[in-house]
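Residue strings, one per chain:
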Amino acid sequence: MMSGFETIVMYLGMSLLVVLAMLGASALLGPFRPRPQKATTFECGVPLLEPGHKRYSVRYYLVAVLFLVFDLETVLLYPLAVKYKALAQLGWGVFFEVFIFVFVLLVGLVYAIKKGAIDWR
Amino acid sequence: MADWQIDLIKVVFIWVWALLIAVVMTWVERRASAMMQDRLGPNRAGPFGLLQPLADGIKLFTKEDIMPEKARKILFLLGPPLFALPAFSAYAVVPFGDKIVLGGKEIILQVSDVNIGFLYVLALGAIGVYGMVIGGWASNSKYSILGGLRATAQLISYEVPMGLALLTIVLLYGTFSLREMVLLQQGTFLGFLPNWGIFKQPLGFIIFLVAAYAEANRVPFDLPECESELVTGYHTEYGSMNLGLYLFGEYVNLGTLAAITVSLFFGGWTLPYVDMSKFLGPVAYGVASFMVFFIKQAFFLFLFVWVRWTVPRFRYDQLMGLGWKALIPLGLVNLFVTALLVQLTI
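Protein chains in written order, with the numbering used here: chain A, -15 to 105; chain B, 6 to 351.
Honestly, the hints are just simulated from the structure, not real lab data.
Hints may be right or wrong, so weigh each one.
Cβ-Cβ distance ranges computed for the label pairs, FRET-style [as the list claims (entries may be wrong)]:
(1) Ile63/B to Trp104/A: 15 to 25 Å
(2) Phe204/B to Pro15/A: 54 to 64 Å
(3) Pro31/A to Gln42/B: 29 to 39 Å
(4) Glu69/B to Leu1/A: 40 to 50 Å
(5) Arg39/A to Gly192/B: 55 to 65 Å
(6) Val94/A to Pro52/B: 53 to 63 Å
(7) Leu1/A to Leu189/B: 33 to 43 Å
(8) Thr315/B to Ala70/A: 37 to 47 Å
In silico contact screen, one side only, chain B against chain A (beta carbon under 10 Å); selected entries [said to hold, decoys possible]:
(9) Arg49
(10) Gly54
(11) Ala60
(12) Phe66
(13) Ala131
(14) Tyr135
(15) Trp142
(16) Leu252
(17) Leu337
By construction, the Cβ of each residue, glycine as well, lies at the ideal position given by its N, Cα and C atoms.
With the sequences and hints as input, model every part of the structure.
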């Protein structure tokens, strides 16, 4: 039996081909008449007052750090979840493993919320 | 025919089918919006304006590619393909029907039944975020950057509840393969309900649906591109087919999310109480299962439009609050309860 990944590769190849074809066709079909005004940054026809890259809120980083922790948690639990039914037949051990693992993270989430890590004021 | 030829036909057919759904969806969206707002909508190109998506496509193809002078050139060009590639490819693991017998050969109606199943869809969805971030950053315009930042924070926040909702589903069915999950949803539950995921995981379904709307950047969570504040968000500076890839990729994503919802929570191609394979021929059964799946998927696609004109947009702090203070704790509690129920009923 085939694992099926060669078909996935075919599918990805098809996507790549069509995306490149679409961009190529657009470049060929579209006109090319550059003007300096066309290449300006979008801003209602007035000159830009400040550069686009400014400093922005640190909360975006906090959210990213929290995301790393919780997404890794789900990733680590996936293999356990697949085998959960088989392991559950052996007793309550696996349930308590899941319980402790998630409980620790739940405490972390409550701490982060109490500290105001995701309050956007 | 050799196996690889069948695979190739399936790949081309489903690729075109997934894109066709997205194309028609752009028309449905505009017509249904018009219907709900009591106006006409596009009705000039072809019957009922059905050729409107084609006209839009031609327009996007024949527009000039404009590169803003302040943009980071390479990243600016990299953004749209990086967003569109995963979006176009995610449909590969969706079981769009049971099986069909053609020329004495049994063909399963799924491009590839890989053992990682929907993890493939999740992984591609995560790659798609890069397309938005890179596009927004490289444009070097304040609207694009703000849109890109919002998109990142929103998408990564809602990936966690979505992962938790799917985790409980995996715990229940013990497999990643969408095809095996659909097969496990045949029959009845508690004697009278269809054996669908929604009745076993009602809370998981709600969490998944809300997270899916946020992942697809749809109203009420369309903050990365809300028109009244950010013009169009991360793709403000794009034009021509570069913009087309962003817009198109979003509609293909809608189709994939609807298909995943159907196969996880609504029994996929199966009908409740009726076993179609008993009284239909092998070919007719294949076509019928395909149609059943498509009708269920079409309902969820329409739901996207329906919700768009029903619910107003969230504020950004409300969005983050809903994700981190409501959905993630709910998802964790749901995980506990499901694990406990599985343990008790084993």
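Hint by hint, here is what the structure shows:
In this structure the hint that Ile63/B and Trp104/A lie 15 to 25 Å apart at CB is violated, the actual value being about 42 Å. For the hinted restraint 54 to 64 Å between Phe204/B and Pro15/A, the CB-CB distance of approximately 57 Å keeps it satisfied. Under the hint 29 to 39 Å, the C-beta atoms of Pro31/A and Gln42/B, about 38 Å apart, fit the expected range. Under the hint 40 to 50 Å, the C-beta atoms of Glu69/B and Leu1/A, about 24 Å apart, miss the expected range.
Distance hint for Arg39/A and Gly192/B: a CB-CB separation of about 58 Å, consistent with the stated range 55 to 65 Å. In this structure the supplied range 53 to 63 Å holds for Val94/A paired with Pro52/B, their Cβ-Cβ distance being about 58 Å. The supplied range of 33 to 43 Å is met by Leu1/A and Leu189/B, whose beta-carbon atoms lie about 36 Å from each other. Taking 37 to 47 Å as the suggested C-beta distance range, the pair Thr315/B and Ala70/A conforms, at roughly 44 Å.
Below 10 Å, beta-carbon pairs count as interface contacts, and Arg49/B has none with chain A, the closest being about 23 Å; its hint is therefore violated. Among the interface hints, the one on Gly54/B is violated; its C-beta lies about 23 Å from the nearest C-beta in chain A, farther than the 10 Å criterion. Because the smallest distance between the Cβ of Ala60/B and any Cβ of chain A comes to about 14 Å, over 10 Å, the interface hint for this residue is violated. Taken as an interface hint, Phe66/B checks out: its beta carbon lies about 5 Å from the nearest beta carbon of chain A, inside 10 Å.
The criterion of a C-beta within 10 Å of any C-beta in chain A is met by Ala131/B, whose closest approach is roughly 9 Å, and the hint holds. Hint status for Tyr135/B: violated, given a least beta-carbon distance of 13 Å to chain A, over 10 Å. Proximity of Trp142/B to chain A holds as hinted, the smallest CB-CB distance being about 8 Å (cut-off 10 Å). Checking Leu252/B against chain A by beta carbon gives a least distance of about 12 Å; that is not within 10 Å, so the hint is violated.
Interface restraint check: Leu337/B against chain A, minimum CB-CB distance 6 Å, threshold 10 Å, status holds.
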